[in-house]
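Colleague: In case you want the letters, here they are:
There are 2 protein chains.
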Amino acid sequence: MLIVKKFGGSSVANRERIFNVARRCIEDYKAGNDVVVVLSAMGDTTDELIEMAHSINPHPPKREMDMLLAVGEQMSVAYMGMAMDSLGIPAISLNAFQVKMRTNSSYGSAKLKRIDTERIRNELEMRKIVIITGFQGINKMEDLTTLGRGGSDTTAVALAAALHADACEIYTDVDGVYTADPRIVPNARKLPEISYSEMLEMASLGAKVLHNRSVELAKKYGVQLVVRSSLNTNEGTVVKEAARMERMIVSGVASDKNVARISVMGVENEPGVAFKVFNSLAKKNINVDIILQSVGREGTKDIAFTVAKDDLDAAIEVIKEDMKIFTAKGYEVETGVAKVSIVGAGMTTHPGVAAKMFGALSAGGINIKMISTSEIRITVVVDENEADRAVRLIHDAFDLAD
Amino acid sequence: MLIVKKFGGSSVANRERIFNVARRCIEDYKAGNDVVVVLSAMGDTTDELIEMAHSINPHPPKREMDMLLAVGEQMSVAYMGMAMDSLGIPAISLNAFQVKMRTNSSYGSAKLKRIDTERIRNELEMRKIVIITGFQGINKMEDLTTLGRGGSDTTAVALAAALHADACEIYTDVDGVYTADPRIVPNARKLPEISYSEMLEMASLGAKVLHNRSVELAKKYGVQLVVRSSLNTNEGTVVKEAARMERMIVSGVASDKNVARISVMGVENEPGVAFKVFNSLAKKNINVDIILQSVGREGTKDIAFTVAKDDLDAAIEVIKEDMKIFTAKGYEVETGVAKVSIVGAGMTTHPGVAAKMFGALSAGGINIKMISTSEIRITVVVDENEADRAVRLIHDAFDLAD
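As they're listed, the protein sequences go chains P and C. According to this note's numbering, the first sequence is numbered sequentially starting from 1. According to this note's numbering, the second sequence is numbered sequentially starting from 1.
Possibly wrong hints are sitting among the right ones.
[What the hints assert, rightly or not] SDA-like, lysine to any residue: derived pairs with alpha carbons at most 20 Å apart:
1. C:Lys-208 - C:Leu-231
2. C:Lys-128 - P:Asn-57
3. C:Lys-62 - P:Arg-102
4. C:Lys-190 - C:Asn-234
5. C:Lys-100 - P:Asn-57
6. P:Lys-240 - P:Ala-167
7. P:Lys-100 - C:Leu-361
8. C:Lys-140 - P:Glu-142
9. P:Lys-284 - P:Phe-326
10. P:Lys-128 - C:Pro-61
11. P:Lys-100 - C:Asn-234
12. P:Lys-62 - C:Asp-116
13. P:Lys-140 - C:Thr-117
14. C:Lys-62 - P:Ala-167
15. C:Lys-140 - P:Asn-122
16. C:Lys-140 - P:Arg-121
17. C:Lys-100 - P:Arg-102
18. C:Lys-128 - P:Pro-90
Hints are computed from structural coordinates only; laboratory data are not their basis.
Input sequences plus hints: build the corresponding full structure.
Modeller: Below, the structure is given as structure tokens:
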């Protein structure tokens, strides 16, 4: 079997953890498998590099930033190679140049294009464990690029696809995907499996186990993922095609407090106004989430939407600037809100799911500010300080506990 | 003019020094020159990487060690690129992969084979300062290699040769080559120029301004070097072909306290015995310096030689092991010795130089234990605690002071 195993920065943060990872990989190797390991930069390495860079140049050129950050994973893989050698196992570390991890040229958020697997296959054939730098690539100029958030997960999935791996294991500090955040719902249950689509909805809703890009890539290439903990040997959660599993009506409840609501008031009731608002925001790379349009006074309308709190300042700037283009009379901002969602691939075929969710909130006296739905998700916006209670009420209503 | 400028690790050890180097390079750039900068790893970076590596594996695989150490220079060049950008100057950092700095596969002490200058020339043509990682290369497997001690000097010289640079400036923490170590001889004089051969003799005798490999390479390709300080703007010392300069009878006095003497006693007076001794040492990569063979008792002979103190333990081991092969009766070790040498390209054509040197030592009551000469060098071994005084006496005798 060919297994791709990815470990994040906290899993290789120090000598002990490096050996812990090495031993886990060696177990699979000794069982006769081909093992490819993808690593992120150790613990705080990336933060330290960024800090020094910013002390030199508050706005460092992105190309130089990627040149700098790429050293983080190179250190991790070299140390891992040394650790495996000291445990008597042949291993070799490879960086983005050596595996020709081709990307486009979007420094800091590059997209993987293709991987040359020849070197990896040669090393595996020599019965070596192959340790590969996550997060980084090279563009057509042979300049280093980095993949941005969740980059190492994406590297692992891309490698698993390119190598036709039999398994792709993503190790994190939780041991799988739960029906809800166990810190909010203590009796939340670990899901044995979840579909790509559900995982995507969960991730975008604050259950930050896997980055969306890696899940999308896994879905595209049919790479079956296992999310599991690097700290224990518990069975993880399998992320795979929904067709192969029994569709859960509701797989989980997720919440996201990184939310702000902006309302643009009194825009003229004409076609194309909403387009103008969201086009202006899109141009500045601001992701808009839930959108609500309502009838305002005197034939005008109000457009409300949510953005991530990190994007709020930028969004406000856009709104202020283009106020006239929008024909808007004013705007309001609300930051004390949160999204609470249920996700389930079987939702479409089971009516009454939304009613049950809203009923649970109503019984708990929680006011719903906005509603948004997709085929496999229902999201409501509530007061931020009621979000955790909302999650627990819904979790109970759908009987998701252990 | 195309100028290659090399700065060592202490010159880029922190933010302030990085900017200091950036400004010096920009001066040349603004004067209309093409500027290529070669950098070592910052300050203690390499030591820190080695320490962590050894904590993981006391004998890390050399290939993985080079993979690890190469990050040091990559950090330096990226930071330098950011510093130049913040000063408004277009710059680009390039690593060993990007300039195809080809070496053989001797990890840890690789030899440069060729450099692809196309990328560098393209970037220079776009009027960028090009910042290149010293010390590192890639072999035919595309694995990273490092050049060993003095590696970044060698990189700079090789680049200057490949680019047909008009100047190659090696910045250090001293402002040139002196007639003697100014810490020992306060009125030592800075030499405006010195020949490659003299520089080689000086370097091997403890005047560690330039590493021999870089001087040898410069000599081979006729690259004129300038050694100068990164801390001030004083004129440095030019290292060039002797033919072009007036030959100094004696250019300088150097001493080396990293010396131990080993005597192998009572070996049979047969052909080939000396060969056996030095062959055994050579096999273990132990450099033997001064050799003295004398007649011993009862038709046997004694062979004495000096080695670097660092090699002493290894040398003793060899001698012990092969005692019988050498037909030796015993051995003696003396560590409290030092080499003192005079170097000068004009020495060969001026008789009486040795006599003057020995006379100065004799007048000072300093006993000479061994003597060795080359065409442009005379070396004596004296008591270690008399070495500094010997240097001063000789320096005076040849009137080398300011």
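Colleague: Hints first: check each against the structure and report whether it holds.
Modeller: The hints, checked one at a time:
1. C:Lys-208 - C:Leu-231: Satisfied, since the Cα-Cα distance of roughly 18 Å is no more than 20 Å.
2. C:Lys-128 - P:Asn-57: Roughly 18 Å between the alpha carbons, so the hint for Lys-128 of chain C and Asn-57 of chain P holds.
3. C:Lys-62 - P:Arg-102: 27 Å, violated
4. C:Lys-190 - C:Asn-234: 11 Å, holds
5. C:Lys-100 - P:Asn-57: 28 Å, violated
6. P:Lys-240 - P:Ala-167: 11 Å, holds
7. P:Lys-100 - C:Leu-361: At roughly 64 Å apart (the allowed maximum being 20 Å), Leu-361 of chain C and Lys-100 of chain P break the hint.
8. C:Lys-140 - P:Glu-142: 17 Å, holds
9. P:Lys-284 - P:Phe-326: 16 Å, holds
10. P:Lys-128 - C:Pro-61: 14 Å, holds
11. P:Lys-100 - C:Asn-234: 46 Å, violated
12. P:Lys-62 - C:Asp-116: 25 Å, violated
13. P:Lys-140 - C:Thr-117: 17 Å, holds
14. C:Lys-62 - P:Ala-167: This hinted pair is violated, its Cα atoms lying about 31 Å apart.
15. C:Lys-140 - P:Asn-122: 15 Å, holds
16. C:Lys-140 - P:Arg-121: 18 Å, holds
17. C:Lys-100 - P:Arg-102: 18 Å, holds
18. C:Lys-128 - P:Pro-90: The given pair, whose Cα atoms are some 43 Å apart, is violated under the 20 Å limit.
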